[in-house]
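Colleague: All chains, full assembly: derive it from the sequences and hints.
Going line by line, the protein sequences match chains C and D. Just so you know, we're using the numbering used here here: the first sequence kicks off at 33 and counts up by one. Just so you know, we're using the numbering used here here: the second sequence kicks off at 245 and counts up by one.
What the hints contain is simulated information worked out from the structure, not anything from laboratory work. There may be inaccurate statements among the hints.
As the list claims (entries may be wrong) - Once the Cα atoms are required to be at most 27 Å apart in a straight line, the calculated DSSO-like pairs of lysine-lysine come out as:
#1 Lys-76/C to Lys-290/D
#2 Lys-120/C to Lys-167/C
#3 Lys-290/D to Lys-75/C
#4 Lys-866/D to Lys-795/D
#5 Lys-549/D to Lys-649/D
#6 Lys-866/D to Lys-720/D
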Amino acid sequence: MCDIDFSSVDWESFRSAQEASAQHDTVRRFYQACKLDPNQPIKKASFVALDFETTGLTPEVHEIISVGMVPFTAGRIQLNDSRSWLVKPRKQLADDSVLIHGITHADLEQAPDLMEVLDDILAVLASKVVVVHFKYIERDFLYHQVQQRLGDELLFPLIDTMAIEAFFHRQQIGAKLKRLLGGKPVSIRLADSRGRYGLPRYPLHSAMTDALATAELLQAQLRHHYDDSRVIGDLWE
Amino acid sequence: MEAEHYEIAEFLGRYPPFDALPQARLEQLATRLEVGYYRSGNDIYKFGDEIHDFCVIRSGAVEIYRRNGKLYNRLSQGDVFGQLGLLMANRVRLPARAMEDSLIYFIPEALFYELCDEYEAFAYFVEIDEQRRLKKTVEEQQQESPLSGARVGSLIARNPVWISVDASIRQAATLMTEEGVSSLLVVSEQYPIDDSEEVHRSLAGILTDRDLRTRVVSQGVDIESSVVEVMTKSPITIDKDTYVFEAMLTMLRCNIHHLPVTSQTRPIGVIAISDIVRFESKSSLYIVSLIHRQQTVEELALVAKDVTSCFVRMVQDNASASMIGSAMSVIGRSFMQRLLELGEERLGPPPVPYCFLSLGSMARDEQLLITDQDNAMALSDDYNPAQHNAYFAELAQFVSDGLDKCGYPYCTGQIMATNPKWRKTVTQWRDCFAQWIDVPDPESLLNSSIFFDLEGVWGKTEWADELSQFIVDRAKNNPIFLASMARNALLRTPPLGFFKGFVMERDGEHRRTINLKRRGTAPLVDLIRVHAFAVGSAARSSFERLEAVMKANLLPEGRARELRDAMEYLTMVRISHQAEDVDEGHAPDNNIEPDKLTDAERRNLKEAFQVLSNGQRFLKFKYPYKRS
Numbered sequence: 033m034c035d036i037d038f039s040s041v042d043w044e045s046f047r048s049a050q051e052a053s054a055q056h057d058t059v060r061r062f063y064q065a066c067k068l069d070p071n072q073p074i075k076k077a078s079f080v081a082l083d084f085e086t087t088g089l090t091p092e093v094h095e096i097i098s099v100g101m102v103p104f105t106a107g108r109i110q111l112n113d114s115r116s117w118l119v120k121p122r123k124q125l126a127d128d129s130v131l132i133h134g135i136t137h138a139d140l141e142q143a144p145d146l147m148e149v150l151d152d153i154l155a156v157l158a159s160k161v162v163v164v165h166f167k168y169i170e171r172d173f174l175y176h177q178v179q180q181r182l183g184d185e186l187l188f189p190l191i192d193t194m195a196i197e198a199f200f201h202r203q204q205i206g207a208k209l210k211r212l213l214g215g216k217p218v219s220i221r222l223a224d225s226r227g228r229y230g231l232p233r234y235p236l237h238s239a240m241t242d243a244l245a246t247a248e249l250l251q252a253q254l255r256h257h258y259d260d261s262r263v264i265g266d267l268w269e
Numbered sequence: 245m246e247a248e249h250y251e252i253a254e255f256l257g258r259y260p261p262f263d264a265l266p267q268a269r270l271e272q273l274a275t276r277l278e279v280g281y282y283r284s285g286n287d288i289y290k291f292g293d294e295i296h297d298f299c300v301i302r303s304g305a306v307e308i309y310r311r312n313g314k315l316y317n318r319l320s321q322g323d324v325f326g327q328l329g330l331l332m333a334n335r336v337r338l339p340a341r342a343m344e345d346s347l348i349y350f351i352p353e354a355l356f357y358e359l360c361d362e363y364e365a366f367a368y369f370v371e372i373d374e375q376r377r378l379k380k381t382v383e384e385q386q387q388e389s390p391l392s393g394a395r396v397g398s399l400i401a402r403n404p405v406w407i408s409v410d411a412s413i414r415q416a417a418t419l420m421t422e423e424g425v426s427s428l429l430v431v432s433e434q435y436p437i438d439d440s441e442e443v444h445r446s447l448a449g450i451l452t453d454r455d456l457r458t459r460v461v462s463q464g465v466d467i468e469s470s471v472v473e474v475m476t477k478s479p480i481t482i483d484k485d486t487y488v489f490e491a492m493l494t495m496l497r498c499n500i501h502h503l504p505v506t507s508q509t510r511p512i513g514v515i516a517i518s519d520i521v522r523f524e525s526k527s528s529l530y531i532v533s534l535i536h537r538q539q540t541v542e543e544l545a546l547v548a549k550d551v552t553s554c555f556v557r558m559v560q561d562n563a564s565a566s567m568i569g570s571a572m573s574v575i576g577r578s579f580m581q582r583l584l585e586l587g588e589e590r591l592g593p594p595p596v597p598y599c600f601l602s603l604g605s606m607a608r609d610e611q612l613l614i615t616d617q618d619n620a621m622a623l624s625d626d627y628n629p630a631q632h633n634a635y636f637a638e639l640a641q642f643v644s645d646g647l648d649k650c651g652y653p654y655c656t657g658q659i660m661a662t663n664p665k666w667r668k669t670v671t672q673w674r675d676c677f678a679q680w681i682d683v684p685d686p687e688s689l690l691n692s693s694i695f696f697d698l699e700g701v702w703g704k705t706e707w708a709d710e711l712s713q714f715i716v717d718r719a720k721n722n723p724i725f726l727a728s729m730a731r732n733a734l735l736r737t738p739p740l741g742f743f744k745g746f747v748m749e750r751d752g753e754h755r756r757t758i759n760l761k762r763r764g765t766a767p768l769v770d771l772i773r774v775h776a777f778a779v780g781s782a783a784r785s786s787f788e789r790l791e792a793v794m795k796a797n798l799l800p801e802g803r804a805r806e807l808r809d810a811m812e813y814l815t816m817v818r819i820s821h822q823a824e825d826v827d828e829g830h831a832p833d834n835n836i837e838p839d840k841l842t843d844a845e846r847r848n849l850k851e852a853f854q855v856l857s858n859g860q861r862f863l864k865f866k867y868p869y870k871r872s
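Modeller: Below, the structure is given as structure tokens:
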């Protein structure tokens with residue numbers, strides 16, 4: 033039940049209901065702290081870009097193995113405060129996934145369990161507006177892992193830079209017309225989206241670099257598509 | 245350790261000043277900087293804003309402005325800005341605006357100062373002004389050239405052989421035979437009043453093998469007469485600490501084969517041209533000696549083919565710009581001299597004395613590979629057009645055709661002695677120059693910039709010196725002329741700099757190539773000439789002119805040096821570019837392509853252009869134009 037859209041769900045009532053029903057302290061503390069105001073102007077908001085690397089693509093089966101978080105504002109990205117963790121999956125890491133993220137079995141040998149670092153991760157997420165590129169990875173993996181391990185639902189509003197990209201480059205009249213005429217849809221993958229804003233090409237697939245890349249992409253999208261009067265409630269979902 | 249921002253560290257490590265930092269420092273830097281995205285046209289800093297970061301362009305492009313809104317510089321990936329503001333009380337001096345969508349890395353000031361303290365190379369890059377960086381490059385380039393290294397003193401093989409002014413020619417010849425030398429110093433001796441002091445000998449003249457042939461035997465002079473009558477009196481000498489190369493140039497310019505070497509005016513030896521040829525076997529000197537031995541224009545044209553490889557060799561030997569410029573000029577002059585000699589043999593001796601003048605870069609000792617002939621003739625005031633014109637017209641044609649065959653093509657502007665307009669008597673030249681100086685219209689200004697760099701190459705060369713002095717004396721005290729020359733020197737401006745494989749023009753245009761002569765050295769030469777005239781210097785080369793300007797303290801502290809370094813650097817880039825062209829089998833030219841430059845070369849060129857640009861601004865201020 034993680035198919036939720038906070039552009040049509042009131043966060044404050046959702047949050048207080050969740051806070052009341054949470055079984056586990058970690059989750060309850062998160063809901064207690066996460067008092068986001070949808071009417072906060074974009075330029076005053078604190079964001080955090082979040083990225084996971086996982087053992088596969090199915091949230092119900094696969095697990096998170098690394099977490100990257102980069103806090104930022106519309107103006108500046110603070111690398112000094114960026115954080116990252118490797119976390120040890122409970123199931124054996126498939127050899128072919130090593131090819132994708134470059135994280136090896138040996139790297140994970142000494143890593144903590146996700147539950148050991150979850151408090152730290154949620155402390156950061158609760159104080160900021162979370163930004164991801166493609167919400168179905170970060171939201172769904174976090175949801176399923178917390179539910180499997182703690183039995184609670186963990187859901188919160190996200191800004192998805194891929195959805196913003198899709199909106200401006202796929203759902204506008206011009207883009208639709210182009211596709212009707214047989215044109216290929218514009219790619220909204222992270223690297224391709226960044227290219228449209230003159231952002232440099234990074235070697236992707238490290239949680240930290242992807243989080244940074246996502247933060248930069250949102251900064252660029254804000255500068256290009258949104259004026260200062262917009263509020264975070266207009267962007268999140 | 246969360247060295248997760250490896251990508252940023254790797255990026256920074258590719259560009260100065262970060263390339264001087266160790267990897268661990270770069271990784272730390274990468275975790276502590278901030279990032280900001282700016283849309284094209286957005287201000288990054290406005291004038292007077294507070295600034296607390298040192299900025300690096302990660303992607304995109306940024307324009308830096310002067311306070312008055314004029315464009316100062318354009319920067320792209322890997323370039324840095326903001327250091328000036330950090331070093332000046334945290335206020336932005338030069339506003340910055342994104343000209344493309346740009347991603348900027350901000351390095352916090354605390355870290356910036358730490359890096360300045362810990363790494364000299366970093367501090368040097370950000371703290372010093374650009375001109376000092378250029379100076380360092382020029383100095384590094386000039387290190388240890390085999391040509392510039394050695395000094396004349398090191399070539400002296402034995403004590404000088406000398407004879408008193410009281411000796412006879414026969415005594416002198418006998419001594420030369422006994423000692424096995426080809427030259428002899430003639431000295432006057434002053435005996436001390438008391439015995440404790442040494443005999444003081446001062447140089448009175450020099451006598452050579454050649455003198456014995458040409459002035460004694462062939463003239464039938466009595467060998468018992470005094471040596472003083474046939475020696476060369478008060479010969480040119482050279483100090484023992486002079487560079488070998490300069491000695492070589494002196495001998496070439498004055499066409500002498502023996503040069504007495506002095507230490508504090510006391511003669512300590514003699515060097516012969518053969519000593520230098522031995523010292524530097526592949527030298528331009530060899531070519532010069534070949535030129536003077538050829539008997540026909542066709543033979544000269546064959547020798548001319550070696551000039552290019554001689555040029556390339558000098559570049560490979562790390563010769564300085566002034567060495568190469570001088571050597572090429574000496575070679576060009578030698579072709580002229582030999583052609584005039586051959587011409588006179590063919591047409592007979594000149595009916596009235598004359599002086600053949602070289603103009604422009606050759607006269608300034610700044611000739612490079614591709615250069616057309618700029619020359620003229622000064623004729624004796626006894627010249628009678630009806631009787632003599634045909635001779636000089638024919639001689640000029642012979643020389644001009646010969647030069648063309650030897651790789652110095654005809655001047656497209658017809659500034660050649662073949663043009664009757666540019667064959668004048670000395671008095672006519674003086675009147676003409678006076679007119680140009682007193683009434684500086686556009687045409688006379690253009691002529692001034694060519695004709696006022698003049699040198700006598702053949703005949704009555706002293707006339708050329710007199711004309712040069714006349715020009716300087718008249719120009720020096722003529723503020724209107726100086727102001728007009730100054731304005732003329734502003735017509736050609738340097739490009740703003742290099743930008744992503746383009747040259748940025750002042751008008752915002754992009755160009756693929758840049759003519760380094762037209763946009764660099766030529767306007768610099770023009771600028772230096774104005775200053776030189778203002779201080780009354782009759783020096784011909786830009787470097788010598790700058791020396792004079794420096795001595796006269798005409799420019800603010802350090803500015804003349806900067807101009808010197810810029811001149812040296814721009815010329816060297818031209819020279820190396822031409823040498824590369826030759827190496828690759830292309831016809832050499834002055835057009836460089838920014839694409840092919842290294843980052844360091846671009847930066848240095850940018851700085852040299854900045855020096856020129858600043859110099860031009862100063863020119864406007866120094867020689868204000870007031871309509872009378």
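Colleague: Take the hints in turn and mark each one as holding or not.
Modeller: Now for the hints, and whether the structure bears them out:
1. For the given pair, Lys-76/C sits about 21 Å from Lys-290/D by alpha-carbon distance, which is consistent with the 27 Å threshold.
2. For the hint pairing Lys-120/C with Lys-167/C, the CA-to-CA distance comes to about 23 Å; that is within 27 Å, so the pair holds.
3. Under the criterion of a C-alpha separation no larger than 27 Å, the hint pairing Lys-290/D with Lys-75/C is consistent with the structure, at around 19 Å.
4. Restraint check for Lys-866/D and Lys-795/D: satisfied, since their Cα atoms lie roughly 17 Å apart, inside the 27 Å limit.
5. Distance hint between Lys-549/D and Lys-649/D is fulfilled; the C-alpha atoms sit about 10 Å from each other, no more than 27 Å.
6. The suggested pairing of Lys-866/D with Lys-720/D holds, with an alpha-carbon distance near 14 Å, which does not exceed 27 Å.
Comparing the model with each earlier hint shows no violations; every hint is respected.
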